[in-house]
Amino acid sequence: MLVCWCGSNIAGTVDINTVVEASKREPGVVYATDYQYMCAEGGQAMVRRAIEEHSLTGIVVSACSPRMHETTFRKAAAAAGLNPYMVEIANIREHCSWVHKDKEVGTEKAVVLMRAAIAKLNLNTPLFPGESGVIKRALVIGGGIAGIQTALDIADAGYEVDIVEKSPTIGGTMAQLDKTFPTLDCAACILTPKMVDAAQHDKITLYTYSEVDEVSGFVGNFSVKIRQKARCINSKLCNGCGDCIEKCPAKKAKSEFDEGLANRKAIYVPFAQAVPNVPVIDQTQCLKFKTGKCGLCEKVCLPKAINFEQQDEIIEKEYGVIIAATGFRPLSPERYGEYGYGQLPDVITSLEFERLMNAAGPTGGALLRRSNGEKPKSIVFIQCVGSRAEPDKGKSYCSKICCMYTAKHAMLVRDKYPNIDVSVFYIDVRTPGKNFDEFYRRAVEQYGVNYIKGMVGKIAEEDGRLRVQGSDLIEDTQIFVDADLVVLATAVEAQASARPLGTMLTASMDQNNFFSESHAKLRPVESPTAGIFLSGVCQGPKDIPETVAQAGAAAVKALGILSKDKLIGNPCIAGPDELLCNGCASCEKVCPYGAITYADKEINDHGHRTTRHVAEINEAICQGCGACTVTCPSGAMDLKGFTNRQIMAEVDAICR
Amino acid sequence: MQVKDQNFKPLVVSFCCNWCSYAGADLAGSSRLEYPAEVKIIRIPCSCRVDPLFVLRAFQRGADGVIINGCHPGDCHYTSGNYFTRRRMTLLFSMLDYLGIERERTRLEWVSAAEGARFAKVMNEFVGKLHEMGANKRLGDIRCKE
Amino acid sequence: MLKLSLSRMEELFSRINGERTLYAPIQIGEQTQFTPWVPDAAVQMNRLSTVKSPKDYFFPHIEDIAAFRVQGKEIEILDVRTEAAPFAVFGVRACDAESLNLLDRIFLDDPIDTFYESKRKSGLIITTACFEPEETCFCGVFGIDALSPGGDIATWIVDDTLYWNALTEKGEALTEAVKDLFEETDDMAVKAAQEKAQTVFDKLPFRDLNLDGLTGEVLMKKFNSPEWANLNPSCLSCGTCTFICPTCHCYDIQDFDTGKGIQRFKCWDSCMCSDFTLMAHGNPRTSQLERFRQRYMHKLIYFPDNNDGAYACVGCGRCVQKCPISMNIVKVIKALGVENDV
Amino acid sequence: MRQKAHELLSSGAVGAVLAWEKGELPYDTSPAVFRDAEALDKMVYNGFCGSNLSKYLIEQGKQDEKVLVFLKPCDTYSLNQLLSENRVAREKLHIIGIGCKGKLDVEKLRTQGIKGITGIEENETLKIQTLYGDHELPREDVLLEKCLSCKGKDHKVYDELIGEDLSADTEQGDKYAKVAELEGQTPAERFAFWRGELSKCIRCNACRNTCPSCTCLKCVFDNAHSGVAAKVNATEFEENMFHIIRAFHVAGRCSDCGECSRVCPQGIPIHLLNRKFIKDISGFYGEFQAGETAELNSPLLCYDLEDAEPNIISKREGDN
Amino acid sequence: MCNCEILIPKLGIITDIRDETPDVKTFSVTAPDGGVVFPHMPGQCAMLSIPGVGEAMFSITSSPTNTAFMEYSIKKAGVLTDWLHRAETGQQITVRGPYGNAFPVEGDLKGKDLLFIAGGIGLAPLRSVINYVRANRKNYGKVDIVYGARSADDLVFRKEIESEWDGIDDVNVHLTIDRAQAGWSGNVGFVPAFVKDLGFTKGRTTLVCGPPIMIKFVLAALDEIGFDETKIYTTMELRMKCGIGKCGRCNIGSKYVCKDGPVFRCDELAALPDEY
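Protein chains in written order, with the working numbering: chain A, 1 to 656; chain B, 1 to 146; chain C, 1 to 342; chain D, 1 to 320; chain E, 1 to 276.
Excised from the complex, chain A in its bound form (with noise of 0.2 angstroms):
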């Protein structure tokens, strides 16, 4: 038992000696003694000699918050061998002596505090931190450039990373735009060289066409089944001449690169740039696989590489760290009847906007009607679809970006052709960012954008043209606006396979499927399952910039783990009896770490043994919240370091 005066801020309000003097007659105290500065050198070194000097099996230090001290101590208390968890702080200054003037009084709750710890201290009993090795080695799911990004920052500071894609070429969303806000560089220009870069990185693997089946494991030892989907090429004889592609026959599907506004063969590379450029074989499209007959494709293809016998392939691999990078698709307007999406061909998404203004695009970058092929002389843009909506009707969330890509697309469509009328309906524009809004501001005053704060509330044919029906919220009026096309600018929507991702990787997702951070502020591109870490849109709405900065942010985190050999684990975790539990699962259910699994066990209760279902912790997950401990009734589970009589003994000391 060690009190600090700390000068005069705890000895002012605290008489140090009546505390010493009381802690001489609590249960187990051996010695008590005090000094000036207890975290000094001279301190430590009191407390290394105190515990030599009188065997002491666990020391009380009645001192400052142990949030300031407490690994202080616990480092002089090893330095002596003693455990340092065998250390407990009773918080005397910030709790007692500098909330509290009468000395009386301080003296008084002083003690009760110091009593307290000792109760707790009289229960403690050595912990020790768990070790995991790290295998060497990332994952990182999705192929955007969130995920390109990362792999890179990893790869190049020396660690292999796998990168899985579930579409045939890495990319990502960011592959198909045109140019990007605000310098309005092409998006190709700046990505293809990055995806080259990660194809020839020979730290990164890349499976495309393959998505991640099962994770098993923890921090440092994640166990991962990926699935490569059959291409029925052999991408390792495949020289990417595309003599095959030229030769199918099948021209129907649509393809996916270009949202469906044009077709591709059965057997196709999404788009020239892609990576790597191996066909792949669609194979509900596919004559051979249809009726048995064809095989074009394979008697043209000198290498060999077809192979219409391939079957999924699934790799195991083994990973230190997974990074999720899975992006976002945009919303689909469809449900929105009022805008008449799905039915009027000249009412398009931003993304095939995008398509048909890039110069590899359907059109060959020529901004012609869906209708008609005709250049539009009006263009109508509305932001916010999907967006900031009730929750019934979309995403009560802000999708970020569109403010600035329809400022750019408003831009880049009056830049390209003057004649063009474009007017914007929108709520809000939001250009938080370096440059956004001088960006915002050259769109209207420059290039003469029509802004109009309102909403629409109809879109109709009218001879050939499109009515569109809105309010104007500044004029108060009802207007109406004639357009050719017009573009909605849809709502940033958590990927599908996101969830079903985030519950194999256990790691947490908000209501709208966006992986949760492990803190919003402290810790954005953490998961709170650790060694899983966020890149990108997976996460939440983000532009190109903010997304490669996560990314590598992201990437720093990952490396923080994949530079260790060792991972010491928080020894103050939750760990179950056994002889307890009784497999119910409820403390699996509450854990927001997914560290607790279950597994049938043979427990020998005194001699009696019986096989049951019991609960596991895995300790290298486990942060030690407690969840799970309230959960259990029968108090199968307790937390190391917080038991429950530990917490228990101090409630009695303090009321007694």
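Hints may contain errors.
Dumping the calculated EDC-like pairs for lysine to aspartate or glutamate here, alpha-carbon to alpha-carbon at most 20 angstroms [stated by the list, open to error]:
id	chain 1	residue 1	chain 2	residue 2
1	A	LYS601	D	GLU59
2	A	LYS24	A	GLU53
3	A	LYS179	A	ASP437
4	A	LYS24	E	GLU88
5	D	LYS218	C	ASP275
Honestly, the hints are just simulated from the structure, not real lab data.
Use these hints to put chains B, C, D and E onto chain A, whose structure you have.
Structure of chains B, C, D and E alone, referenced to chain A:
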């Protein structure tokens, strides 16, 4: 309304989660904000570590009030702990109330690490209320009285 | 024999209560329980069985035996015993009165339990004859005559009159003190009522319960009977039967840390509890079957083996009425007794 | 029923039958396990088969065999809860759902002054023979407390239903009426009410042991290491604590089967504690019936970001 | 009210603590003013307690002939024993007893050739008898002690065995350990087999104590040799709870361990249910 006993010092057990409320209490201290010495703080990793048994235990042993402090909803260090706390304690407090134990004796508060002032204010308020109510007679254990 | 009009009972009760605490079967809610008598209490003269027996007043559910103060390495032992204040229990039935004789065999045997002894000395039992037995009653099986109950004073309620007869010195002393309320009478009315009631006793469902074959000699045979496996599965292992039983007498000793000292108390234990025989090195009865068997073996074999053939059951029928799943000693006797000699 | 049990037991399709066995008196049926087809003669199903057999399956389900169990509609909720907590393996059970007209409470006969019961004929009107003469009573006057707020005649889990069409047209009483009445009282009145009730507790643990949601291998109150173990209620506090914690531990898991109150030898309305939690849970977090399916999660195992704060208690009930 | 209430304990002071094995310590206890807390006979037990920690029954390891202090050899097994193992000298404890019957040292054992068989901590209750017999050596015939433990480190009272018992006053000690280990030159093997190997004549009066499984096999071995079960005694004091035959929990059949035991003759035990 019973006559206020000036000498009555309500004993309060205040559970504070390590990450927010305990730090908030520390801040109250380093800001030299006063609150009654009858408030005794127990550090726990997360408000979700508070078992109803601990609350009852405190009352048994003579506490006049029990207050549980955790991170604000959404700010839990462990993501979701305080949401469980909220459900558990709402139900527990409601049950105590149902049994006729004065509901002002139990409280759940969200105090962030930055809310030192709020911590002190909440404690002052809580103790003030207990002062009005007097000693916990309905949920104490007669054996633990002097 | 003395008699008193029932209309004057309140007077009698208040007189008895003056000298000592009086407990009586009093209606509370829908139940009748022995509780301290207060003026105008709803004393139930006809309700036969209270949920708990008056055993509590002699062998309380919980009783402090010592206290300790501990400081550092020092221990101070405090004797917290107090001489039991005089009390009387009115309305005890013959079966419950007999149960105390059985408890005497345990607690007054050497070494004497002074806690029990003190209460037994200062407690006075006023019994009441049962003229309207319940279908669950089978005290007759154990040789108890519910129409002529024991205790210190026996009473009979016939029509509107209480008949009173002191049986012991203690009873005489109390009788002396309240005699002025009573009139002398003969026992004709009581006899007539007894005869009439006997016809009901002769119709009781369990009147012929046969205890033959339940003796210490066949201990091992009964212990190993296959019937236990048939009887046991329905048992919930709750302690209802043991806690309402007037003859169950097992107890545990526990400490409670009040924060200011340690209170050591004795409390009823139940052989139905999984930790009834738990000790540092393990537990010799880990299965429910063993615990279930222990209860009935104790009552029907072990106890008589040690106590001149007296069974640890008085046929009060409480367990028959209150067992949540209706598994009771009658069923066990039928399964194990002579009728089913296994 | 007996025929079906006979069939399945003798064919070896099941190794044991869990049902009720007739007793020595007109009303004292006991749950029983039949392993011998011959013994099925003693099987019975009548108005006094109120006990819920589902909890017995934890023990009986341990053998390597199938168990035939007869469940009343309300018992199936308990079973679902047990299934959801891995306490019983569904594949080991053959569940036959049986109809129920509401079960009878012999204590209610006794409180009406009927004693010495030697015979009971069950019909809409009960004919009761006693040592002291005959009585007649409408059946609905003698229903168990739990049957006064019947959950209906649907079985929530079964393999087959046996149709002797006993299905009841039970009245859906307002199960929260008494809880609401108490909530409407002042704290002092509530305190007095519960003191009166809980002080009767003899800590026999019948409520706990019969409860199909109380399935801990060792209850905290029995575990010497838990710090709260106690064999008796030494003080008022311990009475309160036992009942608060017991109810809390089954909160969100209690299907309101009413067994706790049925078995209480002291007649404490224990179900009113459970119902308080059920009412609160349904009120705060959305209508919830534990055991509705075997897949349901207790509302205490999940949360909503927008959950009410504890001060909802004050808001809801006004300042009384 | 008489001040003889047996459930109210007396005060004792731990005056000495000796390590016997890694998990057994021997505690010397005296009354506050010195001497034994109460007199006893070999085989009897006492209930030791630290209020608030627990109360448990232990056999009195010291012989009644030692009137200066009592000894208890206690193995770490639960809350109370853990606590006691952490205690220091000067610690006060509460003691009540003596409980149970005793080995019939002044009865059937007198004048007989004695064989003591013990395993592990089971030597503790027998030590009281052995030292009593040694103190009254002329009253008894041959004395052999067979004692075994898991390892040499687990043999209790080793110093005393070697310096005071073995080979002195016609007492022979035969030690064995379960598995061979460096520095051990004695017998290796389990106690029951060792007993058979030693070839005792069947007329011996035998006192057995040790773990239940050992007792079971020793009895079988003795039966094989042809020992008379009416001359074999064993003790089972760990079962006691109240100590006075009232609390109802230590029964084996209709016998109460704390009243009718803890010392039982094997023929008595054979007539009781196997619930121990």
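Each hint tested on the structure:
1. Between LYS601 (chain A) and GLU59 (chain D) the CA atoms are separated by roughly 18 angstroms; this keeps the pair inside 20 angstroms, and the hint holds.
2. Pair hint LYS24 (chain A) plus GLU53 (chain A) holds up; C-alpha atoms about 17 angstroms apart against a cutoff of 20 angstroms.
3. Pair hint LYS179 (chain A) plus ASP437 (chain A) holds up; C-alpha atoms about 18 angstroms apart against a cutoff of 20 angstroms.
4. In summary, the hint linking LYS24 (chain A) to GLU88 (chain E) is supported, as the alpha carbons are separated by about 15 angstroms, within the 20 angstroms threshold.
5. Straight-line distance between C-alpha atoms of LYS218 (chain D) and ASP275 (chain C) comes to about 10 angstroms, which keeps the hinted pair within the 20 angstroms bound.
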